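K.L.:
Those protein sequence lines, which keep their order, are chains V and Z. Per UniProt numbering, residue 1 is the first one in the first sequence, and the count goes up by one each step. Per UniProt numbering, residue 1 is the first one in the second sequence, and the count goes up by one each step.
Worth flagging that the hints you see were computed from the coordinates, not collected in a lab. Just so we're clear, the structure is a prediction, and the values are computed from it rather than from any experiment. Beta carbons: idealized from backbone N, C-alpha and C, even for Gly. Watch out, some of these pointers could steer you wrong.
[As the list claims (entries may be wrong)] With the C-beta cut set under 10 angstroms, the calculated list includes, among others, these residues of chain Z facing chain V: (1) 36; (2) 38; (3) 76; (4) 90; (5) 110; (6) 120; (7) 225; (8) 228; (9) 243; (10) 247; (11) 249; (12) 251.
[As the list claims (entries may be wrong)] As a list, the in silico DSS-like pairs of lysine-lysine whose alpha-carbon atoms are at most 30 angstroms apart: (13) V/27 to Z/106; (14) Z/37 to V/70; (15) V/114 to Z/116.
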Amino acid sequence: MGPRWKGKGSEGKALADPMSKIVSQLKSSLIQSDSHGLLSGCSVLLEVETEQTALLNRSCFGRPIITAQKDKQWFQLGMEEAFYLCYNLKCLKIFSYDECTKNDDELWNYMKSKRETFPDLFKAYSHLRTRNWVVRSGSQYGVDFIAYRHHPALVHSEYAVLVLSGGDGNANGRLRVWSDFQCTLRLCGSVAKTLLVLRIDKNGVGAGSPSCLESYSVEESTITRWSPEQSREDKTVAENGTEQEICFEHEPSSWSLQRTTSS
Amino acid sequence: MEVEEWASSSGGTSDSEVCVPDTNDEEHYFTSGDIPKLQFRKNISRAHWDDEMGMAEVVGKKGSMWTTIGIVRSSKIYCSIEETLFLAERGELSLLDADDRSVPLKDIYKKVAEGKSGCCWESFEVYRHLRSLGYIVGRHGIPWTVKSIKKKPPSVEGTLELEVIIDQKFEDLNLVNELFNNIRIDEVRPVFDVYPPNSKFRKSSPGNPSFVLCMTSGHPPSKPEIEDLERQCNGIPLKFCHVEYGCVSFFSFNRVELPVLP
Chain V
1 MGPRWKGKGS
11 EGKALADPMS
21 KIVSQLKSSL
31 IQSDSHGLLS
41 GCSVLLEVET
51 EQTALLNRSC
61 FGRPIITAQK
71 DKQWFQLGME
81 EAFYLCYNLK
91 CLKIFSYDEC
101 TKNDDELWNY
111 MKSKRETFPD
121 LFKAYSHLRT
131 RNWVVRSGSQ
141 YGVDFIAYRH
151 HPALVHSEYA
161 VLVLSGGDGN
171 ANGRLRVWSD
181 FQCTLRLCGS
191 VAKTLLVLRI
201 DKNGVGAGSP
211 SCLESYSVEE
221 STITRWSPEQ
231 SREDKTVAEN
241 GTEQEICFEH
251 EPSSWSLQRT
261 TSS
Chain Z
1 MEVEEWASSS
11 GGTSDSEVCV
21 PDTNDEEHYF
31 TSGDIPKLQF
41 RKNISRAHWD
51 DEMGMAEVVG
61 KKGSMWTTIG
71 IVRSSKIYCS
81 IEETLFLAER
91 GELSLLDADD
101 RSVPLKDIYK
111 KVAEGKSGCC
121 WESFEVYRHL
131 RSLGYIVGRH
141 GIPWTVKSIK
151 KKPPSVEGTL
161 ELEVIIDQKF
171 EDLNLVNELF
181 NNIRIDEVRP
191 VFDVYPPNSK
201 FRKSSPGNPS
211 FVLCMTSGHP
221 PSKPEIEDLE
231 RQCNGIPLKF
241 CHVEYGCVSF
251 FSFNRVELPV
261 LP
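Start from the sequences and build out the full structure, keeping to the hints where you can.
P.N.:
Set out below in structure tokens:
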């Protein structure tokens with residue numbers, strides 16, 4: 001399944017305005033205004049000027065909070081988004097209610113305490129963001145994230161992303177039994193997304209501090225269902241990367257997992 | 001047990017085989033002009049924040065929402081932090097500090113972040129979500145009025161003890177937040193009593209809530225946890241809620257017995 005652009009001019013618009021450029025504009029704007037976000041529960045609240053409102057919208061970080069306040073706009077950032085802006089892009093400082101700015105380590109520990117799997121989820125998030133994919137929450141589709149090639153106003157999301165922890169076991173417990181695969185693929189198929197599995201291997205370095213992230217490795221694979229009924233005249237195989245296909249044979253009870261690697 | 005998803009913030013996904021474009025995506029704002037702003041209101045209620053109490057005392061009531069917001073003690077209305085922030089975000093309430101200066105939204109957000117007033121950001125999001133849909137939401141186990149304690153049906157056994165305490169020293173509203181603050185973060189806990197939208201709602205005779213809403217953190221509730229809560233809420237249905245990236249989802253866990261078919 002290739003990218004599904006929304007309308008005619010969208011692909012051109014996206015090409016002319018690459019996400020990397022928008023994010024770097026956001027970065028310089030936030031640095032310039034010495035932006036500070038307030039840590040509250042599993043969110044970071046950020047009050048911004050008009051220019052940054054536009055940049056946050058165009059780069060798809062956070063979601064606006066609708067208030068009656070006129071001059072400024074409030075945004076709510078998720079933990080991965082906030083940590084990415086703070087740790088990777090170094091353009092956002094985060095403080096707690098008592099006005100104390102949290103350093104990277106404190107923030108990392110706070111977020112880990114809120115969500116055990118934060119280190120893996122963040123690695124996956126930053127893996128995609130550094131590759132200039134737009135990453136949003138996948139909770140509507142029962143996955144960890146969804147990934148867009150560009151702004152969601154221009155293109156439908158391409159991947160439903162599940163984050164699995166390699167090495168030290170499957171921490172978030174996804175895709176353990178066949179019914180999990182059937183369930184996830186059925187849903188992804190009906191909303192026209194490809195299931196992308198990001199397997200995070202901590203390579204034995206643990207998650208003591210955010211500097212551990214550098215040692216983590218990420219393995220990308222897609223899982224698709226292959227339907228013999230619909231494929232009799234179609235000989236195309238996966239176009240790139242490693243593709244795992246699940247073949248559904250005539251007897252519904254006999255599933256087989258096929259890992260096809262194409263070059 | 002049957003798990004039923006009761007509602008979700010941005011609508012469900014249709015159960016269709018065909019490829020549907022993801023029209024159910026959350027709102028995406030491309031330009032800042034797309035973000036809706038709430039209308040400026042002329043009649044703004046006013047309330048004084050009481051730090052010790054962790055609640056706001058309403059000093060100027062404007063609008064009809066006061067029939068369903070705030071608890072009544074000694075003929076005064078007190079707003080919890082979630083009610084205060086909800087109204088302040090919408091520009092319906094101006095919160096005043098000790099010197100009668102208006103407290104900016106930022107400082108109310110900070111109060112929630114501090115977590116001392118018995119409500120974290122996630123509980124606030126849940127409150128806002130239900131309240132915006134017209135549901136009437138009160139803190140679980142906290143009577144709307146002192147009068148209503150006596151009228152409360154005896155079915156709510158789990159909270160009887162609490163009611164007696166509140167009855168005895170209702171002027172000590174600190175209790176309201178203490179009850180919330182002393183609860184450990186990790187557990188599943190009943191948070192709100194939720195009533196359906198009802199223009200005839202009366203704080204003095206609210207009736208039974210249509211369900212008790214429980215918040216979970218991280219993990220879905222275990223079977224013993226659900227059973228324990230069901231015992232506590234004696235007959236009033238439970239719903240469980242999960243908040244992630246600003247999306248609120250509600251779930252019911254209902255035991256069912258399938259009929260034996262011919």
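K.L.:
Next, verify each hint and record whether it holds.
P.N.:
Okay, the hints, checked on the actual structure:
1. 36: holds, 6 angstroms
2. 38: holds, 4 angstroms
3. 76: violated, 25 angstroms
4. 90: Holds, about 6 angstroms.
5. 110: holds, 5 angstroms
6. 120: holds, 5 angstroms
7. 225: Violated: closest Cβ of chain V sits about 18 angstroms from residue 225 of chain Z, beyond 10 angstroms.
8. 228: Given a least distance of 23 angstroms, the restraint on residue 228 of chain Z is violated.
9. 243: This hint holds: residue 243 of chain Z lies near chain V, its Cβ roughly 8 angstroms from the closest one there, short of 10 angstroms.
10. 247: Result: holds, 5 angstroms to nearest chain V Cβ.
11. 249: At about 7 angstroms, which falls below the 10 angstroms cut-off, the nearest Cβ of chain V leaves the hint on residue 249 of chain Z intact, so it holds.
12. 251: violated, 13 angstroms
13. V/27 to Z/106: holds, 23 angstroms
14. Z/37 to V/70: Satisfied, since the Cα-Cα distance of roughly 8 angstroms is no more than 30 angstroms.
15. V/114 to Z/116: holds, 18 angstroms
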